[in-house]
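A.B. asks: Spelled out, the chains give:
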Amino acid sequence: MIEATSTSRRKFLQQIGYISVGFPLLTSCIGEPDPVIATRVDYEGSLPGSMRGAKTVNAWLQVLEDGSIRVLSGKVELGQGIRTAIRQVAAEELDMELDMVEVQLAETGLTPDEGYTAGSGSVPNSAMSVRYAAATARQKLLELAGEKLKTSFDDLILFNGSIKAKKSGDSLTFAEVLNGAQIDMEVTTPVKIKSKTEHRYVGKAVPRTDIEKMVRGEQVYVQDLRFPGMVHARVLRPPGYKSQLVKVDEAGLATTVSGVIKTVVNGSFVGVITEKEYQAVKAERYLREHTEWEDNTSFPEQKELYNHIRSIAEPSSNVKNEGDVTAAFQGNSTVKATFRKPYLKHASMGPACGVAMYDGDVLHIWSHSQGIYPMRNAISAMLGMEVDKIHIVGVPGAGCYGHSTADDAAADAALLAMELPGKHVRVQWSRTDEHTWDPYGSAMIMEVEASLDADGKITGWKSDVWTDSHSCRPNGDAGTLLDARYITNPVQMKSRGYLAGGHRNADPYYAIPNMQVNAHFFDGPLRVSSLRSLGAYTTIFAIECLMDELAEKAGKDPLDFRIAHLTDERAVAVIQKLREMTAQVTLADGEGLGYAFSRYKNTAAYAAVAARVAVDKATGKVAVKKMWAAVDVGEVINVDGLTNQLEGGMIQAASWTLMEEVRFKDKEITSADWNTYPIFRYPDIPEVEVALIDRPDLPAEGGGEVSMPPSGAAIANAVYRASGTRVYELPIGVRKV
Amino acid sequence: MPEFTLDINGAQKTVETEPDTPLLYVLRNDLAINGPKFGCGLSQCGACMVLLDGRATTSCMLSVSSIGNTEITTLEGLVDDNAKLHVVQEAFVKEQAAQCGYCLNGMVMAAVDLLNKNPRPDDAAIREALQFNLCRCGTHARVVKAVKRAAKTH
Ligand code: FES
Ligand code: FES
Numbered sequence: 001m002i003e004a005t006s007t008s009r010r011k012f013l014q015q016i017g018y019i020s021v022g023f024p025l026l027t028s029c030i031g032e033p034d035p036v037i038a039t040r041v042d043y044e045g046s047l048p049g050s051m052r053g054a055k056t057v058n059a060w061l062q063v064l065e066d067g068s069i070r071v072l073s074g075k076v077e078l079g080q081g082i083r084t085a086i087r088q089v090a091a092e093e094l095d096m097e098l099d100m101v102e103v104q105l106a107e108t109g110l111t112p113d114e115g116y117t118a119g120s121g122s123v124p125n126s127a128m129s130v131r132y133a134a135a136t137a138r139q140k141l142l143e144l145a146g147e148k149l150k151t152s153f154d155d156l157i158l159f160n161g162s163i164k165a166k167k168s169g170d171s172l173t174f175a176e177v178l179n180g181a182q183i184d185m186e187v188t189t190p191v192k193i194k195s196k197t198e199h200r201y202v203g204k205a206v207p208r209t210d211i212e213k214m215v216r217g218e219q220v221y222v223q224d225l226r227f228p229g230m231v232h233a234r235v236l237r238p239p240g241y242k243s244q245l246v247k248v249d250e251a252g253l254a255t256t257v258s259g260v261i262k263t264v265v266n267g268s269f270v271g272v273i274t275e276k277e278y279q280a281v282k283a284e285r286y287l288r289e290h291t292e293w294e295d296n297t298s299f300p301e302q303k304e305l306y307n308h309i310r311s312i313a314e315p316s317s318n319v320k321n322e323g324d325v326t327a328a329f330q331g332n333s334t335v336k337a338t339f340r341k342p343y344l345k346h347a348s349m350g351p352a353c354g355v356a357m358y359d360g361d362v363l364h365i366w367s368h369s370q371g372i373y374p375m376r377n378a379i380s381a382m383l384g385m386e387v388d389k390i391h392i393v394g395v396p397g398a399g400c401y402g403h404s405t406a407d408d409a410a411a412d413a414a415l416l417a418m419e420l421p422g423k424h425v426r427v428q429w430s431r432t433d434e435h436t437w438d439p440y441g442s443a444m445i446m447e448v449e450a451s452l453d454a455d456g457k458i459t460g461w462k463s464d465v466w467t468d469s470h471s472c473r474p475n476g477d478a479g480t481l482l483d484a485r486y487i488t489n490p491v492q493m494k495s496r497g498y499l500a501g502g503h504r505n506a507d508p509y510y511a512i513p514n515m516q517v518n519a520h521f522f523d524g525p526l527r528v529s530s531l532r533s534l535g536a537y538t539t540i541f542a543i544e545c546l547m548d549e550l551a552e553k554a555g556k557d558p559l560d561f562r563i564a565h566l567t568d569e570r571a572v573a574v575i576q577k578l579r580e581m582t583a584q585v586t587l588a589d590g591e592g593l594g595y596a597f598s599r600y601k602n603t604a605a606y607a608a609v610a611a612r613v614a615v616d617k618a619t620g621k622v623a624v625k626k627m628w629a630a631v632d633v634g635e636v637i638n639v640d641g642l643t644n645q646l647e648g649g650m651i652q653a654a655s656w657t658l659m660e661e662v663r664f665k666d667k668e669i670t671s672a673d674w675n676t677y678p679i680f681r682y683p684d685i686p687e688v689e690v691a692l693i694d695r696p697d698l699p700a701e702g703g704g705e706v707s708m709p710p711s712g713a714a715i716a717n718a719v720y721r722a723s724g725t726r727v728y729e730l731p732i733g734v735r736k737v
Numbered sequence: 001m002p003e004f005t006l007d008i009n010g011a012q013k014t015v016e017t018e019p020d021t022p023l024l025y026v027l028r029n030d031l032a033i034n035g036p037k038f039g040c041g042l043s044q045c046g047a048c049m050v051l052l053d054g055r056a057t058t059s060c061m062l063s064v065s066s067i068g069n070t071e072i073t074t075l076e077g078l079v080d081d082n083a084k085l086h087v088v089q090e091a092f093v094k095e096q097a098a099q100c101g102y103c104l105n106g107m108v109m110a111a112v113d114l115l116n117k118n119p120r121p122d123d124a125a126i127r128e129a130l131q132f133n134l135c136r137c138g139t140h141a142r143v144v145k146a147v148k149r150a151a152k153t154h
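So the sequences go chain by chain: A and B.
Everything in the first sequence is counted per my numbering, starting at 1 for the first residue and increasing by one.
Everything in the second sequence is counted per my numbering, starting at 1 for the first residue and increasing by one.
Honestly, the hints are just simulated from the structure, not real lab data.
Predicted, not measured: the structure shown is a model, and the values here were computed from it.
Among the hints, erroneous ones may be present.
As the list claims (entries may be wrong) - Below, computed lysine-lysine pairings styled on DSS-like, alpha-carbon distance capped at 27 Å:
#, chain 1, residue 1, chain 2, residue 2
1, B, Lys145, A, Lys577
2, A, Lys625, B, Lys148
3, A, Lys577, A, Lys556
4, B, Lys148, A, Lys626
5, A, Lys166, A, Lys140
6, A, Lys213, B, Lys94
7, B, Lys117, B, Lys84
8, A, Lys626, B, Lys94
9, A, Lys336, A, Lys303
10, B, Lys148, A, Lys204
11, A, Lys626, B, Lys145
12, A, Lys276, B, Lys145
13, A, Lys665, A, Lys247
14, A, Lys577, B, Lys84
15, A, Lys140, A, Lys192
16, A, Lys577, A, Lys626
17, A, Lys625, B, Lys152
18, B, Lys94, A, Lys204
19, A, Lys336, A, Lys457
20, A, Lys457, A, Lys577
21, B, Lys84, A, Lys213
22, A, Lys140, A, Lys55
23, A, Lys204, B, Lys145
24, B, Lys152, A, Lys213
25, A, Lys556, A, Lys457
26, A, Lys556, A, Lys204
27, A, Lys389, A, Lys423
28, A, Lys150, A, Lys192
29, A, Lys626, B, Lys152
30, B, Lys13, A, Lys213
31, A, Lys192, A, Lys204
32, A, Lys625, B, Lys145
33, A, Lys625, B, Lys94
34, A, Lys336, A, Lys556
35, B, Lys148, A, Lys213
36, A, Lys196, A, Lys55
Modelling step: build the complete structure from the supplied sequences, incorporating the hints.
C.D. replies: Right, dumping it as structure tokens:
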């Protein structure tokens, strides 16, 4: 079941007032020894950013009538398993069984506004907010129970939804303790949290429960929503980014396609609503052949892309300048190289989908958006509708790996639902639209130069990055939504979005006395936004390939050379771990082993990745045989969930590195389906192995993006070992080796 | 609109729809079956796979009028009458072989078809049998493990 949309079997206490519900656990426990309760320690660090707008316990957690807990998170499930991680953390602090905790993910008006589910931020923000809220709730529940049971704090045991006085044996469920109320106190430090050495769930491989729902074909995705009387729609996307509708001739539509309810033309936005879904597919096809457009879109020549990028870049801006790079380069030998990465697609397996219904007062939207609150602001601006008249329910879609098309499909559904009040309108995107209208990961260039002294130490480093924006996510500016750019009185995006994402990790994490980073921003030909790890995939590709060249020039082992430039023992530890993992590898003829390291954002999780590749001497074909990752995310919440993300990250990055490139010609994006934008298939998949270094006492960082940046460089470095050819331009494909 | 009677998961179901409607739309919309997914509609990704007379087949470009009395099995139909999962489904749960899980239907279908033909496939045979099925989350390595696990218990 989609928990976000079903009415839960459990009702909020607040809505029903006091109910006395006997709780079976303690009854059944009579005669059994009391459970041993873990010790608590004071947490005095900072509270997560997500708590700034949601300070109280009840914003994050509510007690239900049967004493179980509902946790509220403003994040959405993207396949990263966040629901399970949050459940683990709450159950841990409240000493409950996992199935006593249900997790309500993003819904406006119900869950906290946590912005976007992005940047590997779900664990550090949402899960940690839940930890501190649950820990605060525990203290408060004990305090209240002490008063009611007329006993001291030390006499109480809180376990699995009840609190029991040891001496008298009397007990109360959480619901009885609260007597119809919720805990509305603010969470403040110090918070008494469970000692991490005594964790039952956190740090363990707790299986996700949604996978069984998936294999049974239960309702999981926004695509699976069905409402009584729901109608279907398709939007006719223009032929190019800059197209304007001249004429639409729908005279013959109703006689050609049955079930047409309405064609909606609003400026250059054309949508069609039908009774059944396939009718909408046919109607869209009909309209495509019966519209005229004026089209000023024009793309540069594909082979000129990187020259074009340089030609349109703004004057460079300096983002880091330490020491004196120019002086460091003088009198030392330097190594210099230029690396290029093409536009990449999110390429979700499930094209975007949105459902909306306008009930005459409130517009309801079901969406797999990564940020329902920010999207609500954008839709409000586009429709000129009050924010509190828009209600959005977050429902999982297929994995999206950054800001893709979910918000645009929700906007489509919103525009069409406003034209047909009282009906649920479901908009499904086609594969071609998903591929051609996706906001891609920017094409990038990175020039790097470094100097070595006589002892083989790097004395200076200079990075120059050419990049477009790395986040054009929805916000209060309507122009962040595709549709707003085509309706009557169109608006374009006002800002350039998050440009700084482009030079993420452009300054090496190594101890180098003189360092300079310059960014050259451009407003490129293709639509862009955030793709998993933003600019770091490219910047680390460049840095770690150059590190390999530098190591070779210095006559050093590539891992030793990296370690010699690191002062952070956690960084050294993942590299040492990786060395151990690959120590027994034997290479066949034509094979090579390559390494790379990065600390994501230079402030978050650590990853060292190795790749073993085989290069076919005759054809130049590169095959990635195996990849290893040694990773430190600080405190691990779910071992298996994290491992799954890291494995998937390596495989996805290997696919980017070897074969992916968005292609375009004249006015058209020609990478329009899976044949014209091939990604890895089973025969291409490397074996993957992950080792985690768990540090329970350090902050928990997210792992969703961490294995991606070093993966590209590790493969390129392995290709060099196997073939003697250095890779400077992605994808590696066949032609470059 | 014409009627079509289909043999789905061991039951006869009649639907009223236009003859050119692809089977996928009939399953998902007329019969409220969630297993097969819309991934491309171009027979390129495998998300929409069902078993037709036991063979894993994409359903997104196959018109309902062409089905006749072919036996159709969907993901839901692999579960037995006692709600017990098929060994392949069970193995996917055990190996936690999903991230977003959108591709999972096709993977399970292709794996069931494979094990029916070759009960003890090696790595290469599994990869070959699943090569039509795309996964963007990179869950492939776990899926291969799941298929191996299923083969052992088959
Ligand atoms: S949806 Fe049928 S193969 Fe992709
Ligand atoms: S698990 Fe997401 S596409 Fe395969």
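A.B. asks: So, for every hint listed, does it hold in this structure?
C.D. replies: For each hint, the structure was consulted:
1. Proposed proximity of Lys145 of chain B and Lys577 of chain A is supported: the alpha carbons are some 25 Å apart, at most 27 Å.
2. Of the supplied pair hints, the one linking Lys625 of chain A and Lys148 of chain B holds, its CA atoms being roughly 19 Å apart against a limit of 27 Å.
3. Between Lys577 of chain A and Lys556 of chain A, the direct Cα distance comes to roughly 19 Å. Compliance with the 27 Å bound is thereby established for this hinted pair.
4. Of the supplied pair hints, the one linking Lys148 of chain B and Lys626 of chain A holds, its CA atoms being roughly 19 Å apart against a limit of 27 Å.
5. Distance restraint check for Lys166 of chain A and Lys140 of chain A: the Cα-Cα separation of roughly 18 Å lies within the 27 Å cut-off, and the hinted pair is therefore satisfied.
6. Distance restraint check for Lys213 of chain A and Lys94 of chain B: the Cα-Cα separation of roughly 13 Å lies within the 27 Å cut-off, and the hinted pair is therefore satisfied.
7. Restraint check for Lys117 of chain B and Lys84 of chain B: the C-alpha separation of about 22 Å stays at or below 27 Å, so the hint holds.
8. Between the alpha carbons of Lys626 of chain A and Lys94 of chain B the distance comes to roughly 23 Å, so the proposed pair stays at or under 27 Å and holds.
9. About 23 Å separates the Cα atoms of Lys336 of chain A and Lys303 of chain A, which keeps this hinted pair within 27 Å; it holds.
10. Straight-line distance between C-alpha atoms of Lys148 of chain B and Lys204 of chain A comes to about 24 Å, which keeps the hinted pair within the 27 Å bound.
11. At most 27 Å may separate the alpha-carbon atoms for a hinted pair to count; Lys626 of chain A and Lys145 of chain B meet this at roughly 15 Å.
12. Taken as a hint, the Lys276 of chain A and Lys145 of chain B pair is broken in the structure, with Cα atoms around 39 Å apart against an allowance of 27 Å.
13. Proximity of Lys665 of chain A to Lys247 of chain A is assessed by CA-CA distance (about 25 Å); at most 27 Å being required, the pair is judged to hold.
14. Note on Lys577 of chain A and Lys84 of chain B: the hinted pairing is violated, with a Cα-Cα distance of about 42 Å set against a maximum of 27 Å.
15. A threshold of 27 Å between alpha carbons decides the hint, and for Lys140 of chain A with Lys192 of chain A the separation of about 11 Å falls inside it, so the pair holds.
16. Proposed proximity of Lys577 of chain A and Lys626 of chain A is supported: the alpha carbons are some 16 Å apart, at most 27 Å.
17. For the hint linking Lys625 of chain A to Lys152 of chain B, the alpha-carbon distance of about 25 Å falls within 27 Å, and the restraint holds.
18. Distance restraint check for Lys94 of chain B and Lys204 of chain A: the Cα-Cα separation of roughly 15 Å lies within the 27 Å cut-off, and the hinted pair is therefore satisfied.
19. Distance hint between Lys336 of chain A and Lys457 of chain A is fulfilled; the C-alpha atoms sit about 16 Å from each other, no more than 27 Å.
20. Restraint check for Lys457 of chain A and Lys577 of chain A: satisfied, since their Cα atoms lie roughly 23 Å apart, inside the 27 Å limit.
21. About 13 Å separates the Cα atoms of Lys84 of chain B and Lys213 of chain A, which keeps this hinted pair within 27 Å; it holds.
22. For the hint pairing Lys140 of chain A with Lys55 of chain A, the CA-to-CA distance comes to about 15 Å; that is within 27 Å, so the pair holds.
23. A hinted pair counts as satisfied when its Cα atoms are at most 27 Å apart, and Lys204 of chain A with Lys145 of chain B qualifies at roughly 21 Å.
24. Of the supplied pair hints, the one linking Lys152 of chain B and Lys213 of chain A holds, its CA atoms being roughly 23 Å apart against a limit of 27 Å.
25. With a C-alpha separation of about 10 Å, the suggested pairing of Lys556 of chain A with Lys457 of chain A holds against the 27 Å cut-off.
26. Proposed proximity of Lys556 of chain A and Lys204 of chain A is contradicted: the alpha carbons are some 39 Å apart, above 27 Å.
27. A threshold of 27 Å between alpha carbons decides the hint, and for Lys389 of chain A with Lys423 of chain A the separation of about 17 Å falls inside it, so the pair holds.
28. The hinted pair formed by Lys150 of chain A and Lys192 of chain A meets the criterion: a straight-line CA distance of about 23 Å does not exceed 27 Å.
29. For a cut-off of 27 Å, the pair hint linking Lys626 of chain A to Lys152 of chain B stands: about 24 Å separates their Cα positions.
30. Between Lys13 of chain B and Lys213 of chain A the CA atoms are separated by roughly 24 Å; this keeps the pair inside 27 Å, and the hint holds.
31. Taking the CA atoms of Lys192 of chain A and Lys204 of chain A, the gap is about 22 Å. The hint holds against a cut of 27 Å.
32. In summary, the hint linking Lys625 of chain A to Lys145 of chain B is supported, as the alpha carbons are separated by about 16 Å, within the 27 Å threshold.
33. For the given pair, Lys625 of chain A sits about 25 Å from Lys94 of chain B by alpha-carbon distance, which is consistent with the 27 Å threshold.
34. For the proposed pair Lys336 of chain A and Lys556 of chain A, the alpha carbon gap of about 18 Å is at most 27 Å, so the pair holds.
35. Straight-line distance between C-alpha atoms of Lys148 of chain B and Lys213 of chain A comes to about 21 Å, which keeps the hinted pair within the 27 Å bound.
36. For the suggested pair Lys196 of chain A and Lys55 of chain A, the alpha carbons sit about 24 Å apart, so the restraint of at most 27 Å is met.
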